[in-house]
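Chemist: So the chains spell out like this:
2 protein chains.
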Amino acid sequence: MMKNIPRLMVDSSDRNSDLRYACAFRTTSDAVVFLQHRQQVWLVVPLMEREHAVAALRSSGGRVLAPADLGLCALDRRRVSAWAYGLLRATGIKEVAVAPDFPVATADLLRRRRIRVHVVSGPLFPEREIKNRRELLCCMASQRAAVTALRVAAALIRDTAIDTRGRLLHEGTVLTSENVRDRIEHVLFAHQCTGADTIVSCGADSALPHHRGSGPLWAGRPIVIDIFPQHRQHGYHGDLTRTLVRGPMPARLRRMMTAVCSARQAALAQIRAGVSAARVHHAAVQTFSRLGMTTDLHAEPPSGFIHSTGHGVGLDVHEAPTLGSGRNRLRAGQVITVEPGWYEPGFGGVRIEDTVTVTRAGYQLLARCAVRL
Amino acid sequence: MMKNIPRLMVDSSDRNSDLRYACAFRTTSDAVVFLQHRQQVWLVVPLMEREHAVAALRSSGGRVLAPADLGLCALDRRRVSAWAYGLLRATGIKEVAVAPDFPVATADLLRRRRIRVHVVSGPLFPEREIKNRRELLCCMASQRAAVTALRVAAALIRDTAIDTRGRLLHEGTVLTSENVRDRIEHVLFAHQCTGADTIVSCGADSALPHHRGSGPLWAGRPIVIDIFPQHRQHGYHGDLTRTLVRGPMPARLRRMMTAVCSARQAALAQIRAGVSAARVHHAAVQTFSRLGMTTDLHAEPPSGFIHSTGHGVGLDVHEAPTLGSGRNRLRAGQVITVEPGWYEPGFGGVRIEDTVTVTRAGYQLLARCAVRL
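Chains A and B supply the protein sequences, listed in that same order. Everything in the first sequence is counted per this note's numbering, starting at 1 for the first residue and increasing by one. Everything in the second sequence is counted per this note's numbering, starting at 1001 for the first residue and increasing by one.
I should point out that these hints are in silico values taken from the structure, not numbers from a laboratory. Bear in mind that the values here come from a model prediction, so they are computed numbers and not experimental data. Think of the CB as a built atom: it goes at the ideal place given N, C-alpha and C, for glycine as much as any other residue. Hints are supplied without guarantee of correctness; some may be wrong.
[To be verified] DEER-style ranges, computed between Cβ atoms:
#1 C1261(B) / G71(A): 32 to 40 angstroms
#2 H1298(B) / G61(A): 22 to 30 angstroms
#3 Q1364(B) / L373(A): 38 to 46 angstroms
#4 R111(A) / Q1364(B): 41 to 49 angstroms
#5 R1038(B) / E178(A): 35 to 43 angstroms
Please put together the full structure from these sequences, using the hints given.
Modeler: Written out as structure tokens, the structure reads:
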């Protein structure tokens, strides 16, 4: 029902992936105004950016304005909120749809000046969920970079001795999370990607799914490596996790590994267009419960399978859809992660994650990753 | 007068530098709730992040909550806006100050539930303008990375032949903006920095201050190199621009270069704590007008000295203060750029930029950069 309401954004494209998606012009870190009504796009940019924006929007027929084109007073020419109002006045548009994170200062100003501002409850650009061929290739490139980086990390971990305390030694020095993360970042960089927040967590740290990890890596404990590169040019992400164990694997850990692998298979087996996301998630959840493994979300910290089974991947590393207990259905062309995990506080965690694209018949891995130590 | 109103943020630290500044916990890309009242800080994070956040805030005494701690209904436990309301209810706070870009959806919800939401007109954390010793050292590290990268770029440009059409040839192939940018990015990466949007623009492109540049580099034309690295660990920026010319310099370009150097000296000579930013800006503006050079902001594209003389640098590459015609005064401990430029559409631009810290007696360069071809 919001379909025909013009969409308005006031942001910079490095902060706002909707803007990056909808508009070929990449802003500086300063905010611009974007307005779309049906096929027509308008952009208000600082005077200094106008020529550049005009060139970027030429092929799409978008119209570029500078604040001086909007008949604003001197004060308003310096306020991006006022640019938004000036553009709406110039186009005669009295009603806009904005994202939940639209800036309150602009919304307040527009409402004071009798513009109706509808805050959408979901994404402002739901079409982002379905990737076209180009976008899919972009995600694949980032996913391949992640696979290459993971292989290099695995080779580094494999090529270690184990000291008497159980720490991994690489060329005589203790190998740390930081060392491995650094190596991964170098590989990603060489593949035109950034990956500053890569996770390399070992032992008890790995029981906290988003712990980045620090300090020595240990034999016989899980090493969770979660790599989610963003391509420096096109901005699309990949997302990949493997859990590696150097040296003999304790029975408790082996049981966790086997369970997570089974949950992964069970979830993947459900994926195809039309299936509810909850069905995929429940397939993973039930795998654990069938094995007699109990999740406790209220423990401190929570234990078991404590997150959803996956999420969309694109210009944002976490975007729609969510593969949790919601009622959404999978659609062909979505790019999603499948990442069951099991976390035992104080001991460690296991997570295995792949990124796939949903097809009518099932799914396709964005890249294969058969890494073993 | 806003001083004692609690400050509220709902965002992720990779998008929101205020959050990164005010809170030791680095979020994932998902939003968290931050509340500060006098010395007390509260954070609401997803259950999965709680342990990690508790560890990050331990030394500062900040309190970490998960949605489940706030007595929210199942629906509200999934909405970060409702977390914000739950936290305010739990702390008895009925009035908050938020930044202009605070998410409208959260503001609307809080207002419906009778919380007074004050949108500040300037920065929510004005204290960010004054850098402490640690922050200054961080900016210096990034600035040194920029200087090293600029030296490498200059060496690459110096080490070229000039073909019959005037293009620069490096080891037999045409040297492009992209080649130089790539080299710069590698150097920055090796210095723990990112610099994806580095400008290397030549000739007519350089007349558009934010044009990133593309294609062959030419002899006898300005090559504007603007490097603004962000450190991958601590997040502070440097900002440095030099304009290089390979081969003989045409008289028109020499005149621009000399003028910009004079404007730079004139602006720098004004800098010290207590001086108005406008005085610094006008020193640069007047240098050009005394030389008989006219700025035309209304031309298409605008020509002359078409931007302000500088801006603050920190966790954001553009932050307060602005060195334009505003009434703000410089203060000791600010880190600011001084970057006069002169742009002649169709021909080219010249910009020279250094980053300095304001002192009581004058200023100090963050790093020296005496690059010559």
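Chemist: Now tell me if each hint is right for this structure.
Modeler: Hints versus structure:
no.	hint	verdict
1	C1261(B) / G71(A): 32 to 40 angstroms	38 angstroms, holds
2	H1298(B) / G61(A): 22 to 30 angstroms	25 angstroms, holds
3	Q1364(B) / L373(A): 38 to 46 angstroms	51 angstroms, violated
4	R111(A) / Q1364(B): 41 to 49 angstroms	46 angstroms, holds
5	R1038(B) / E178(A): 35 to 43 angstroms	36 angstroms, holds
Consistency note: the structure conflicts with earlier hint 3 alone.
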